[in-house]
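*Asks:* The residues making up each chain are set out below.
Number of protein chains: 4
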Amino acid sequence: MEIKIKIRGYHTDSYQHVNNARYLEFLEEARWQIVEEFMEITDFIQNELSFFVVNINISYRSPAKVNDVILIKTGLHKISSKSAVFRQEIINTATGKICIQADITFVVADKTGKAIALKGEIKEALNKIPGV
Amino acid sequence: MEIKIKIRGYHTDSYQHVNNARYLEFLEEARWQIVEEFMEITDFIQNELSFFVVNINISYRSPAKVNDVILIKTGLHKISSKSAVFRQEIINTATGKICIQADITFVVADKTGKAIALKGEIKEALNKIPGV
Amino acid sequence: MEIKIKIRGYHTDSYQHVNNARYLEFLEEARWQIVEEFMEITDFIQNELSFFVVNINISYRSPAKVNDVILIKTGLHKISSKSAVFRQEIINTATGKICIQADITFVVADKTGKAIALKGEIKEALNKIPGV
Amino acid sequence: MEIKIKIRGYHTDSYQHVNNARYLEFLEEARWQIVEEFMEITDFIQNELSFFVVNINISYRSPAKVNDVILIKTGLHKISSKSAVFRQEIINTATGKICIQADITFVVADKTGKAIALKGEIKEALNKIPGV
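Protein chains in written order, with this note's numbering: chain E, 1113 to 1244; chain F, 1113 to 1244; chain X, 1113 to 1244; chain H, 1113 to 1244.
Isolated chain E (complex conformation):
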């Protein structure tokens, strides 16, 4: 699953590069798109389940500048008993270099905010997301 974003002035900071925090928005955007495309998200909402990110490990490898087009690749990397991991990579198509590599660990919480076990129907639903 890949999406493209063109970098604008408001994405960058005083170093003229995309700011560290902004990349997290780009990665979140890509995750919503993959979840929408491959999961029955309405089931999630009806069951009052939410995704909560519990850890982000992100490496900033090379910068992206205004007018560069970046490509965000997203896949499900691992499902554990109570958490799962999206692996995401951003390529700067202007330079061909990797901008960002990130592992996003999340839990699925019920309406009380408690993380539920990732088994049965929930695990099946998550497994529809393409792996990486």
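Worth double-checking, as some hints may not be accurate.
Copies of the same chain look alike in the list, so a pair counts if it works inside one copy or between any two.
Once the Cα atoms are required to be at most 25 Å apart in a straight line, the calculated PhoX-like pairs of lysine-lysine come out as [stated by the list, open to error]:
no., residue 1, residue 2
1, LYS1223, LYS1116
2, LYS1185, LYS1118
3, LYS1226, LYS1185
4, LYS1185, LYS1223
5, LYS1194, LYS1231
Quick caveat, the hints were computed from the structure, so don't treat them as lab data.
Chains F, X and H: place on chain E using the hints.
*Replies:* Only chains F, X and H this time, still in chain E's reference frame:
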């Protein structure tokens, strides 16, 4: 009512200036501080009233750069029958110049989202905010 | 010229609506797209000309929420001797209502930061942008 | 080194919690404050040196909501031959719980963008930052 903010790299964009959208956050921050200091905000919350901004008219007069310290001045400018106006100004203390002048028109909405008349107790509460 | 954006959680604030400041980013995105499509932007960059926004007058008419798709319409509204105005409107396609109406006044600045007269080639270039 | 921030509506997202990306801005703010207080930052600028973040490992432990006051603790955790690590923690003073734990790995780059060795004067300068 005045607050100061030091400009950081993440506040600026590719022109090396504070970005247009970021100023709106600075202005919102200053409004919350003046509202907290001069109004009984808990009364508002108990009555399930909210502030909704309906118009912002903002002029960008001169830029602010990284390490500049800006001074935000906020006062209540006008109360009409159904809306009121905050007037805000940002001075760049590094240059002595006016960065921003803005009029922020808002309504007070009840829990159904409908704007209520600004009279009686509500008007009194708003009038505690220093004028400008 | 129209672009669509799907509202995500990170676009909204504690009122569950798209935040005031975020709309300015959406409007800036739409302006870059129209400028890119209709102007020879490389001429601008070679001549070291920049767009500077000098005033934004934005009315917030109805909210947009998570999962709503908004439609941003952008056109050039007026060219004066030293400034010009983009008129932009955001429609919430989920409700059919107008979210935002905004007039964005800008100048074209040379490399010294001084606003230049909008005549001759510059005026012709701006006039390629569809009007509204 | 500790700084406090009061959470406002514009800091939060549709879950009513401070958004993942916004925390990175809070952490960056705290790092600039500690660097300014303990390092001779003008030396850095005169020598055209920059800090570049190369990795962020951030755990989101419990949420912060509107009107909560958060406390950000920052210290220098480790200096290696070419990179160093800030360790940061955010406490939600409203709940007493840890919101965020983060390790921020950075390099010092010269004007060509190349990471320099962290020895001699640079190492001494970094060592003035309180440890954690």
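*Asks:* Each hint needs a verdict: does it hold in this structure or not?
*Replies:* Taking the hints in turn, this is what the structure says about them:
no.	hint	verdict
1	LYS1223 with LYS1116	neither (33 Å within a copy, 30 Å between copies)
2	LYS1185 with LYS1118	both (15 Å within a copy, 19 Å between copies)
3	LYS1226 with LYS1185	neither (29 Å within a copy, 27 Å between copies)
4	LYS1185 with LYS1223	neither (30 Å within a copy, 31 Å between copies)
5	LYS1194 with LYS1231	within (9 Å within a copy, 43 Å between copies)
The structure shown violates the earlier hints numbered 1, 3 and 4.
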